[in-house]
Amino acid sequence: MTFSQQKRMSYYAFLAPGLLLFASIIIFPVAYSLTLSFTSFGGYGTPKFIGLENYAKIISDDVFLHSLRNNLLIVAISVFGQIPLGFLLAYLLHRKMVRNGDFYQTIIFLPITISPVVVALLWNQIFSSSGMVVALIRRLTGESQYVIRIFEDKQLAILPILFVLLWMHTGTYMIIFYANLQKMTPSLLEAAQIDGANESQMMMRIILPSMVGTIATTAIFAISGSLKAFDLIYAMTGGGPAHFTEVIAIYMYINTFKYYKYGFGSAASMIIVLLAVGLILLLQYISRKFERRFE
Amino acid sequence: MRKRLTLASVLSSVLMIAFTLLTIIPLAWMILSAFKPHALIVRYPLALPLSWYVDNFVLSWTQGHLGIYFINSTIYSFVATLLTVFFALSSGYALSKFPYKSSRVISLIYTLGLLITVHSVIVPLFIMETKLGISNTRLGVILPYIAFGLPFQVFLATTYIKGIPDAMQESAIIDGATFFQVFFRILIPVATPIISTMFIYTFLGNWNEFILVLTLTSDLTVRSLPVGINSFAGGMSRDYGLQFAALVIGTVPMIIFYLVFKDKIAQGFAAGALKE
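Line by line, the protein sequences are chains A and B. First residue of the first sequence: 1, per our numbering; consecutive thereafter. First residue of the second sequence: 1, per our numbering; consecutive thereafter.
Hints listed in this document are in silico derivations from the structure and should not be mistaken for laboratory results. Keep in mind that a hint or two might mislead.
What the hints assert, rightly or not - Using 25 angstroms as the maximum straight-line C-alpha spacing, the simulated PhoX-like pairs for lysine-lysine come out as follows:
1) A:LYS96 with B:LYS264
2) B:LYS262 with A:LYS96
3) B:LYS131 with A:LYS7
4) A:LYS183 with B:LYS262
5) A:LYS183 with B:LYS101
6) A:LYS96 with A:LYS183
7) A:LYS48 with A:LYS258
8) B:LYS262 with A:LYS7
9) A:LYS154 with A:LYS7
10) B:LYS101 with A:LYS48
11) B:LYS264 with B:LYS131
12) A:LYS258 with B:LYS162
13) A:LYS57 with A:LYS154
14) A:LYS183 with A:LYS228
15) B:LYS162 with B:LYS101
16) A:LYS57 with A:LYS258
17) B:LYS264 with A:LYS183
What the hints assert, rightly or not - Covered by chain A, according to a simulated footprint, are these stretches of chain B (three or more residues, beta-carbon under 8 angstroms):
18) 8-15
19) 61-68
20) 155-169
21) 188-202
Note that beta-carbon positions come from the ideal geometry of N, C-alpha and C, so glycine has one too.
Full structure from sequences and hints, please.
Right, dumping it as structure tokens:
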């Protein structure tokens, strides 16, 4: 074997195990899923081709539309809640506005290590009628009979979920922004300070423009993460009451594994992929516009 | 300078303290409640435990089969993480230090893989594993864990290895070393910092993973801790004491893990956003 042959063989050998797993567990199933989504497959027999019928049924289903609304609410709380709050916290830490910054940082980032299932069950208890929130309200108002069953309220049940998502992930964005702020050259800010720029000018003219790229990337994280939201909601409400806290991933799960509608479930999962790609393309379009404005 | 910042720094501290309390109080409440019997939790949610009642832990550990779940979680996390990191390193080496055109296409495929969620493959994966007879086995859980870990880890490994100077490997090759020797004897030792970040980040994700184990397994002998803890909600037990104890058992090891490896975990998250 010549040297260049040996080199080429080594290249393939290094790549092979990873690619083999990736192709058989991700690429092939994605194609398979796409194919199934055009069939009425129910787990046995030969899949019957039914064209776009699954998709048509899904987008005219009220439960799906409500799930989509919930998914978009989650995207909104991530992009307009977790990211700005995370940025604010990171900025305060970076500018050393507080003492013991390391301590705060350690605590606020902590929820990321706890399993979403544990987080869900814990907050479920906190918001339950015998939980901490109700007990605190009773203590503060003196009304010993006060009770709110938020998880039984169709309109309000989504609120604790949104709150907990904020609780879990704000620290993550804080860490990401903090790392990126640290990488900025301090000389730029020093020069601005000497020229008499105030905090808000430095923020608007120097820091934010240099963070556009990071903000766009974190927003991609947030969008794809939000559409994946499953564990937390599944463990917290299971999608109830009466489907009112369902998201598309749970809608897909229930249809597939409870009603054995494999074709239908595949179509729902393809919609998740399409939504993610669509939102991310939209985001890149917007962030490119912003970058041009700052140039 | 300092005078002008007083109001701002007071507001900053208030915000930081609010976020800190919001994290600590629920966890403290959880730990305290785990030491109270069910009746006391329901009747006096805010009261401190009267004594250190540990029966909750004993009962939830035995009735909830947490022992076997703990072992399974450990196996899944260690085995899948080790293999993910190893395959990601070898792929990263191939993609950054070999001059072939196909490496660009393969990198692109892995990058697109970052956008694929577990949900988009779970139905076919379930069908495939059932046909192959590996659903409900540990292998059937570990393989998808590796595949889903790869895209991000390959990205981390490729970026890092690209930064290692070529000179070291080239002189070894001239001295007659094979590429495998270079990989094991030169590259892996040099890449230790990124290897530990990759390992800890992947481990954390695998330890907390839920939906794959939920759908691909049904026997309690192969299920993992998050799925096991989830069964404390609703059906299995209405004893809140047991539920809180199970939550504490699921949380405390992770808090220790976090306090030891916090910087590495932060690096893993931050590296993802430094992409472009």
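Output the numbers, in ascending order, of every earlier hint that fails for this structure. 3, 5, 8, 9, 10, 11, 12, 14, 19, 20, 21
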